[in-house]
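Colleague: Produce the complete structure using the sequences and hints provided.
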Amino acid sequence: MDAGFPVVKGLSGMIIRQLIYLDALARERHFRKAAVHCHVSQPTLSAAIAQLEEELGVLIVERGRRFEGLTKEGEIVLAHARRILAEADLMKQSIAELKEGVSGRIRLGAIPTALPMIAHITAPFSSRYPAVSLTVLSLTASEIQTRIDNFELDAGLTYLDNEPLDGVVSKPIYQESYVLLTREDGPLGGRDSITWAEAGELKLCLLTSDMQNRRIIDGIFRSVGQTPRPAIETNSIFNLCSHAGIQGVSSIVSLQLLEFFGVPLGTKALPLVEPEARRVIGLIIADRQPLAPLARNLLMMSQPVADAALPTRPVPR
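Each residue of the sequence shown is one higher than the last, beginning at 406 in my numbering.
Treat each hint with caution, since some may be false.
DEER-style ranges, computed between Cβ atoms [claimed, not checked]:
#1 D712 <-> G474: 42 to 50 Å
#2 L464 <-> V541: 35 to 43 Å
#3 P680 <-> H435: 19 to 27 Å
#4 G469 <-> V678: 53 to 61 Å
#5 I481 <-> T613: 30 to 38 Å
#6 S532 <-> E478: 34 to 42 Å
#7 S532 <-> V463: 42 to 50 Å
#8 V463 <-> G630: 50 to 58 Å
Hints listed in this document are in silico derivations from the structure and should not be mistaken for laboratory results. Glycine is no exception: its CB is placed at the ideal position from the N, C-alpha and C atoms.
Modeller: As structure tokens, this is what we get:
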């Protein structure tokens, strides 16, 4: 069977199909799975990669009974292959835009705390360009940067002003601010706000340390001389809210999350002050010229969102 990919001749007779197979093998790390992904037989995929090795005169794949990774030369070939495939896709997008208008698929990654805000970007874009399909993935900030670098994402919604970003064009969308979510019948139920220094003494539920949100919160605590030791860690923003309903446990969540979902029944949101910390979250796309048409249109259409207000409506557990 055959994937039906177009044959485009290039350097040393190299064809786009071989590069597609190599990219799939690097992602799947398994010959059979890569073949299934490409809709070809495993012998077809293996033969195509062997032919690519022969044409380039280098060993690309570490040989063994199973896939054991790429050689150093193979990593170089893979990096160029992904760039070539991205350029080929960009060429097709640009031609299609002239002939048929904006169409295709956008892959958008968002940090977990920004997921409630993603519809502010996707809804108007989908309304304006109904022929474009969108895939939204929940990813860490570092995963978003890596996947944009590796041509696996078209755009990302992530922090702009905390950890450095490389090789991207960005646009601020909103400012993330923070509240302490705690039981309304607990010892803090009568408070209107709480300082970060006070919050550092509490039994907390926080995101895991691989999340940039957690690193931001840890940095704020360090600025007030605190080093919290969370009782519960999670990689789910929904678990942050649900654990705040446990007696004796409080969570630090973004105000935007509560504005979207409401304050969970039986809990109270206290603004965190001293300092009143904020971080800018925005849309990023790869800074490769010319800009990919779909990503460029998404960036142009996305508009800043007004600051969130503390919600009053409760939601049932």
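Colleague: Now, for every hint given, state plainly whether the structure supports it.
Modeller: So, going through the hints one by one against the coordinates:
no. : hint                      : verdict
1   : D712 <-> G474: 42 to 50 Å : holds, 47 Å
2   : L464 <-> V541: 35 to 43 Å : holds, 38 Å
3   : P680 <-> H435: 19 to 27 Å : violated, 49 Å
4   : G469 <-> V678: 53 to 61 Å : holds, 58 Å
5   : I481 <-> T613: 30 to 38 Å : holds, 34 Å
6   : S532 <-> E478: 34 to 42 Å : violated, 47 Å
7   : S532 <-> V463: 42 to 50 Å : holds, 49 Å
8   : V463 <-> G630: 50 to 58 Å : holds, 55 Å
The structure shown violates the earlier hints numbered 3, 6.
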